[in-house]
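Q: Sequence lines, in order, name chains U and C.
Each residue of the first sequence is one higher than the last, beginning at 11 in the numbering used here.
Each residue of the second sequence is one higher than the last, beginning at 11 in the numbering used here.
Just so you know, these hints were derived from the structure itself, not from any lab.
Be aware that a few hints might be false.
[Said to hold, decoys possible] Straight-line Cα separation of at most 27 Å, DSSO-like style, residue types lysine-lysine; simulated pairs:
#	chain 1	residue 1	chain 2	residue 2
1	C	K24	U	K20
2	U	K131	C	K131
3	C	K131	U	K70
[As the list claims (entries may be wrong)] The calculated label-pair distances, taken between Cβ atoms and stated as ranges, are:
#	chain 1	residue 1	chain 2	residue 2	range
4	U	K24	C	E28	38 to 46 Å
5	U	R120	C	P174	21 to 29 Å
6	U	S86	C	A139	36 to 44 Å
7	U	K92	C	I68	35 to 43 Å
Values in this document were obtained by computation on a predicted structure and should not be read as measured data.
Yeah, the Cβ is synthetic: ideal placement off N, Cα and C, and Gly gets one too.
Now for the letters of each chain:
Number of protein chains: 2
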Amino acid sequence: MTEFVQQRHKEPVKLAREREILVACEPMRSNVNLSSILRTVSCFAIPKVIASGQAKVIGKVARDGEHQVEVKIHRSLPPVLKKLKADGYRLVGLEQTNDSRCIFDYRFERRTCLVIGSERKGIDPENLALLDDVVEIPIWGLPYSLNVANATSMALYEYCRQFPEG
Amino acid sequence: MTEFVQQRHKEPVKLAREREILVACEPMRSNVNLSSILRTVSCFAIPKVIASGQAKVIGKVARDGEHQVEVKIHRSLPPVLKKLKADGYRLVGLEQTNDSRCIFDYRFERRTCLVIGSERKGIDPENLALLDDVVEIPIWGLPYSLNVANATSMALYEYCRQFPEG
């Protein structure tokens, strides 16, 4: 029988190379959700978050994530997404749509921008039209939709599972 | 080029059989975190959460999750964990310890109780001593620890990825 002893705030794992995933968020209703996403992003050493609208990071929720991650706030996403696509990023939305792929079966490309919609409205049609792929996390029960920060964390988990070394 | 059209709150996926995973939470500092976990648990059709201490579910955060999931509140976890172990549940903690397995390489047993520690203190030594396995999610950056609701969501995501049909 193993005796488990806690090691809080262990030395982080080292990446073999810098991650090439970015996260782009539509204007969020809640800066708590945005900041919560930022904490996960930072723990996973994802270099950059593109936020939009009245985005403001709450340090207490992001827990220093905002000091490690570059947070760029834009008025709207479409011009940024177009530029990222020209730079070779695959634009992947996290959304329930008519043609979403189950995330369990999806192979991410390393150079990916994960696009996140707002809590109430999801991804705007103008941004949906720019996406290469849309993935969704299966839902088996009420309320039939995940919290946006939890869902984003799961999608980033999946990406990092596929690219544990960056 | 696909035209993606949103389908919010799609018909949920059906399980082939009821899930055998439970979640047991040590006393949380924040009922927001507990309620956020409950929302994910409910979306994943996990039948039961064992909470402890002054646990109280906030409906607005759990978003009806509390109506679908059985929430049992106990004064302390060790007697419950012992009983679950006797009932054939594998007790798996989510924690950074000296002997945690990387969750990317971990094969869950179907009949599992996932044990979650509190935000500040993690899993108590008394509960750690009862666990069969401990898994951890790798961390590559600051603040070197994930939010408890996001981390729990990722671990449940991994379990459901391994058992998509229940």
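Q: With reference to the structure, classify each hint as holding or not holding.
A: Consistency of the hints with the structure:
no. : hint                        : result
1   : C/K24 / U/K20               : violated, 39 Å
2   : U/K131 / C/K131             : violated, 36 Å
3   : C/K131 / U/K70              : holds, 18 Å
4   : U/K24 / C/E28: 38 to 46 Å   : holds, 41 Å
5   : U/R120 / C/P174: 21 to 29 Å : holds, 25 Å
6   : U/S86 / C/A139: 36 to 44 Å  : violated, 53 Å
7   : U/K92 / C/I68: 35 to 43 Å   : holds, 40 Å
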